[in-house]
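Enquirer: Model the placement of chain B on the given structure of chain A, informed by the hints.
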Amino acid sequence: MATATEASVLVVDDDRNMRLTLSMILADEGYDVLTAENAAEALHLLEVRPVDVVLMDVKMPGMPGDEACAEAKRRRPDLPVVMITAHVAEELARGALAAGADSILYKPLDVDLLLRRVAALCKGRERLSARSIGTA
Amino acid sequence: MNLVKTMSIVARAKGPVLPSARKGAALARASVLITVFFMLEMDVLARARTLDARDVVALLGLFYVAVSSWLELQERIPDRLHLPFLVADLLLITAIIYLAGGLESEYYPLYYLPILQASVRLNFRDAVSTSVLAAGLYAVLGCSEGFQAYIPTTAWLRITTFAVSALFMAAFFGLLMREAREHKQKSMEMAQLLEEVQSKTAELASVNQQLLAKNEELERKKRELEQAQAQLVASQKLAALGQLAGSVAHELRNPLGAIKNAAYFLRRKFGDSGDQVGTLLAVIDQEIATGDRIISSLLDFCRAEPPRLRPTDVNACLEAALEKLDTGAGVTVVRELCPSLPRILGDASQLYLVFSNIIANATQAMPSGGELHVQTRPSDRCIDVEIRDTGGGIPAEDLERIFEPLYTTKAHGIGLGLVVCKTLVERHGGRIGVTSQPGRGSSFVVKLPVANAERNSEDSDGDGN
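As they're listed, the protein sequences go chains A and B.
According to our numbering, the residues represented by the first sequence are 3 to 138, in order.
According to our numbering, the residues represented by the second sequence are 3 to 467, in order.
Everything labelled a hint here was simulated from the structure, so no lab data went into it.
Idealized CB from N, CA, C, for every residue including glycine.
Keep in mind that the hints are not guaranteed to be accurate.
Here chain B is said to cover these stretches of chain A; the calculated rule only asks that three of the stretch's residues, wherever they fall, bring their Cβ under 8 Å from a Cβ of chain B [unchecked claim]:
1. 8–21
2. 66–77
3. 109–115
Okay, the calculated beta carbon distance ranges per label pair [as the list claims (entries may be wrong)]:
4. A/Arg77 x B/Lys239: 39 to 49 Å
5. A/Arg77 x B/Asp400: 28 to 38 Å
6. A/His46 x B/Arg337: 53 to 63 Å
Same shape as in the complex, but just chain A (with noise of 0.2 Å):
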């Protein structure tokens, strides 16, 4: 089942049980999974580790995910982020958008569907890092 990618994948849910689940299932994919429960503790994260993939829930106490998605990009403008939401809200999906995520999925995750993204996006990442390693 497991991978060769090693890719690194940022979990960022306040949900401590929702971290857990998520962090087995992509650990069992063969992710290098870090996690996070709150925008500072993950924006600090980015700072001190590599991250390939950042998946943000959006409602968090503290820096509502949105935002958080917002800072990391103008950090890291080529981080895959993946907003998760309980809402099936169009301003909300429209909000998160905006914020610069790569793609919006909802809870209860479909996680067939999470993972074909993160995997999509890992492998987007590498051929973007090749690039830029080539041009430099």
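Expert: Leaving out everything else, chain B in the frame of chain A:
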């Protein structure tokens, strides 16, 4: 004859019509005096005298009688002139009597006429004054004769007799008339009082009517206010409930999501290890799906978005809702969709939600299969969408409350589906109704207005061009 006339005048004076008494008096004066003058002239002619001062007086008298009678008939004599007219009458009569032979003349009863007239037309005091004046004039007649020769005792007797009879007459008729006048006054007052009472009664009745109407209006207003208040309370309750439901629904999705993730992980690891584990994991997945559906319906209910109205094909919305339907449970769908249905102005996603809610209820009402009739038809500026099942039906007591929030007859349901349907249909300017026969099935009819849609769709077509 005079007496009879006078009595008739008296009798009439009792009645409310005073002008008839006046006419009677005028006619009496005219007829009697004119007769007397003719008799006087006949007397003159019989003696075969030549014309002299007597005839001039007689002619003047005739003229006076004619004028005064005419004035009386025309009601031209003001009350203050009655006494002068009476005095003139008396003087004229005195002249006639003088000409006709003085004290000895048989014309002296003429004096009774003005006395009677005074009794009838004026008051008791004037009648007495008139009789005293008449007696005085009669006495003067006697005196003037006395100056010529002598005054015999018989003459004094005549004068006294006349004075007494005149006074008696004036007193009698004066009192009679006063009685009559008082009676008449009273009856007039009574009539006036009665009229007043009647008008006041009518006024009271109309006021009462107005009060009753006002009261009724107030009652109606009160009922309206109570209704409005009840609606307000209900809508506030609903709003609070909606907010609560929204946050609860949202909060429930997090644990549900974690459970789903955990189940996913478990199936990956242990899904192959045995039938029982696989079955239970499937149960978890199913229940998560059910829970999520309930949360979705709660969120549908809370989402207070107004419909985005666009020209919409109702048949297409129905087809989309039918597509989602799981017909595995032996439910046969019978479509009677009108192909020439006019498009309405509506929000396709909201109408889809309405129809799928009703269709889901209908299929749930037929757990052991049945027929689901879906019909669309145009009807008087509206289109009717009828969704009919052949299930168990809804008891009458539930039917009344079926559109109330949190009212449900289902074991698994929170009683919001039909509330959402009703709210959305009403936001489209439509109505939703239900009829049901227990044991035979239920029928939901959604009525959506089409008139504005036609116009607006033309407008939007115009915009498009």
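Enquirer: Are three or more residues of the stretch 8–21 of chain A within 8 Å, CB to CB, of chain B?
Expert: That given contact holds, which follows from 3 residues of the stretch 8–21 of chain A lying within Cβ reach (below 8 Å) of chain B.
Enquirer: Examine the stretch 109–115 of chain A for residues whose CB is less than 8 Å from any CB of chain B, and state whether their number is three or more.
Expert: That given contact holds, which follows from 4 residues of the stretch 109–115 of chain A lying within Cβ reach (below 8 Å) of chain B.
Enquirer: Could you say whether the range 53 to 63 Å given as a hint is met by the Cβ separation of A/His46 and B/Arg337?
Expert: holds, 60 Å
Enquirer: Do the Cβ positions of A/Arg77 and B/Asp400 conform to the proposed distance bound of 28 to 38 Å?
Expert: violated, 59 Å
Enquirer: Between A/Arg77 and B/Lys239, does the beta-carbon spacing fit 39 to 49 Å?
Expert: Holds, at about 47 Å.
Enquirer: How does the coverage statement for the stretch 66–77 of chain A fare against chain B, requiring three or more residues with Cβ below 8 Å from a Cβ of that chain?
Expert: violated (count 0)
Checked against the numbered hints given earlier, the structure breaks hints 2 and 5 and satisfies all the rest.
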